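S.K.: First to last, the sequence lines map onto chains A and B. Residues in the first sequence are numbered from 1 upward in steps of one, following full-length UniProt numbering. Residues in the second sequence are numbered from 1 upward in steps of one, following full-length UniProt numbering.
Hint data in this document are derived by calculation from the structure and do not stem from the laboratory. Don't take every hint at face value.
[As the list claims (entries may be wrong)] Per the computed footprint, the stretches of chain A lying under chain B, defined by three or more beta-carbons under 8 Å from a beta-carbon of chain B, are: (1) 76-87; (2) 106-118; (3) 139-147; (4) 151-159; (5) 165-178.
[Unchecked claim] Here's a subset of chain A near chain B, in silico, CB distances under 10 Å, partners left out: (6) V27; (7) H28; (8) F127; (9) V184.
Just so you know, these numbers come straight off a predicted model, no measurement behind them. Where is the CB? At the ideal position from N, CA and C, for every residue including glycine.
Number of protein chains: 2
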Amino acid sequence: MPQGRPPVIPDDGLTTRQRRNRPLVIVHTGPGKGKSTAAFGMALRAWNQGWPIGVFQFVKSAKWRTGEERALRLLGESGEGGTVAWHKMGEGWSWLRRSGTEHDHAAQAREGWEQVRRDLAAETYRFYVLDEFTYPLAWGWVALDDVLETLRSRPGYQHVVITGRNAPERLIEAADLVTEMGKVRHPMDSGQKGQKGIEW
Amino acid sequence: MPQGRPPVIPDDGLTTRQRRNRPLVIVHTGPGKGKSTAAFGMALRAWNQGWPIGVFQFVKSAKWRTGEERALRLLGESGEGGTVAWHKMGEGWSWLRRSGTEHDHAAQAREGWEQVRRDLAAETYRFYVLDEFTYPLAWGWVALDDVLETLRSRPGYQHVVITGRNAPERLIEAADLVTEMGKVRHPMDSGQKGQKGIEW
């Protein structure tokens, strides 16, 4: 893709460099494949920039991200590029000390979001993947107003990528970059089941 | 994403395992972002399976894939997971010995495709990324009939991911899995230029 020339020069008083380095909220939504996969692909670029990366998986999944997780952990520990911190639901958030709520996914999702909020305030990472975060939003487990305000007022230069189907309309409005992954054809339509190396 | 149950059990005489391990042709097309990025994200899964990976970049680009390339090369050389061979246009295909055609992109694209064809016949890789391959197809530099027949008759278990806008309709018809990346909003619409860590 050529770098191109923006069709409009905004009248916002910022220099090109300031505009260029503006932190982005990015949403990958839609019924097709590639939402999370593209987010982890972007993480490779963030790693290459030397940025600290925080991954937060908001939906329990046994094997779906094993390839991405192993690869990004290895990259993060390589001593080249940025670091990678990988947090996931289901195995318990790393910051969740009590065990009584293990099956309370709503509480886990809220704990996860609270941690993201603290990390954004502390500028812990430069690149965040909130994987499948649209689901706890859609299910009302995490308050959309709080998320929008936290993203809007986050300090510094922190990019945040949010993935998942059915992104709330107000999140889409608030995002800088939105890609809708549409399903044109999927092997499961003709009876093909998921397979290693492709779906996980 | 849950693994799910296919809505139809095909009457093709194959066992579930045979169907499950069927090699796929995958197309990422559409005007939105994430086509190549999702392909490189998939490559992380292929790497995790220990599969040899071949990346072929069909359009010259100075810096657009530096993050992905550095990350995948490091992974490929880590001694864990699969190997990674990365071929790109513009710097000359590694197999292009003569130098007189350096500026003949059409010839380079054809040379690239010939190499892919040889690799498919030899089962050199298990996972191919033909990045931005739709463009030489659209420009008539590489013959679509040849590509479709080569993909259809490829031996063994070789997955092939093809990315780029405006995938030819017959390629879409021939593919097992097609995702259309639609642009909902892009920062360049409001004057934002590309930035490091995001676009490259």
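S.K.: Which of the listed hints are broken here?
M.R.: 2, 3, 4
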